[in-house]
Amino acid sequence: MWIYEKKLQYPVNIKQKDLQMAKFLLAQYGGPDGELSAGLRYLTQRYTMPTGKSKALLTDIGTEELAHVEIIATMVHQLVRDASPEELRKAGLGGYYTQHDHALYWSDANGVPWTASYVQSQGDPIADLHEDLAAEQKARATYERLMSLTDDPDVIDPLRFLRQREVIHFQRFGEALDDVQFNLNSPKYY
Amino acid sequence: MPMNEREQLLLKIQQLHFATVDLNLYLDTHPACQQALRDYNRYTQELMRLRQMYEMKYGPLTNFGYAPSQYPWQWVNEPWPWE
Numbered sequence: 000m001w002i003y004e005k006k007l008q009y010p011v012n013i014k015q016k017d018l019q020m021a022k023f024l025l026a027q028y029g030g031p032d033g034e035l036s037a038g039l040r041y042l043t044q045r046y047t048m049p050t051g052k053s054k055a056l057l058t059d060i061g062t063e064e065l066a067h068v069e070i071i072a073t074m075v076h077q078l079v080r081d082a083s084p085e086e087l088r089k090a091g092l093g094g095y096y097t098q099h100d101h102a103l104y105w106s107d108a109n110g111v112p113w114t115a116s117y118v119q120s121q122g123d124p125i126a127d128l129h130e131d132l133a134a135e136q137k138a139r140a141t142y143e144r145l146m147s148l149t150d151d152p153d154v155i156d157p158l159r160f161l162r163q164r165e166v167i168h169f170q171r172f173g174e175a176l177d178d179v180q181f182n183l184n185s186p187k188y189y
Numbered sequence: 000m001p002m003n004e005r006e007q008l009l010l011k012i013q014q015l016h017f018a019t020v021d022l023n024l025y026l027d028t029h030p031a032c033q034q035a036l037r038d039y040n041r042y043t044q045e046l047m048r049l050r051q052m053y054e055m056k057y058g059p060l061t062n063f064g065y066a067p068s069q070y071p072w073q074w075v076n077e078p079w080p081w082e
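Chains as they are written, first to last, in numbering that gives the first Met the number 0: chain A, 0 to 189; chain B, 0 to 82.
If you are wondering where the hints come from, they were derived from the structure by calculation, not from laboratory data. Even glycine gets a Cβ: it sits at the ideal position worked out from N, Cα and C. Keep in mind that a hint or two might mislead.
Facing chain B, from chain A, some residues (calculated, C-beta under 10 Å) [unchecked claim]: (1) SER53; (2) ALA55; (3) ALA72; (4) GLN77; (5) ASP178.
All chains should be built: construct the whole structure from the sequences, respecting the hints.
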């Protein structure tokens, strides 16, 4: 069961339209290492985690990622909401406008639609947790590139928050991996 | 941008909620850390208090039976979080 909360995890108040930046931000909406991929990856891998701790962690980080999907969606929405078709076309979003108007759609920054093949679910906790660690680092690096593409503090501020969460998630996944390895290695007595 | 009273209270809730999310993840990998658990319970208490205060004034933050609504059904009221 999930509960929706009528609030963002981190405030977003973007005043300045920026269509280029909206296009770039789609990388973290429907891109391979974006927030949707992250949320779905952890929420599907959790069923084959071996310990209560790792099941809890994947459930909780997966849930937090869904809140990050909403933050990115809100940023894209606020960056494009007042844009005319002509402005969208000039920003390289003419094709996007043709298919989606001002709607949100899961593609990456180059218009490639989201696909489940971005996510692996091996049923092997060591393999899955290593994928999760890599995913957090790739998302962190993407956020750093996004932050270097804008000087709007209203955009940089939530990006800084999201980048920091990747660092924390990486830390927690590393601890979970250590713990799972310890558990798998310890002898069992019956 | 100057914030109105609702936005100020919501920001406090967001800050407290963030503390509980972050401590929650930490506790997932450190379930025996007494200090983190104490902090988690303290922030949770305070969050419940502010959430109730907010919901009485401005309507429910959650639905599906997690918060009551005044008449008429307040869940449909704007603004939504992305607005």
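These are the hints, each one checked on the structure:
no.	hint	in the structure
1	SER53	holds, 8 Å
2	ALA55	holds, 5 Å
3	ALA72	holds, 6 Å
4	GLN77	holds, 7 Å
5	ASP178	holds, 7 Å
No hint from the list above goes unmet by this structure.
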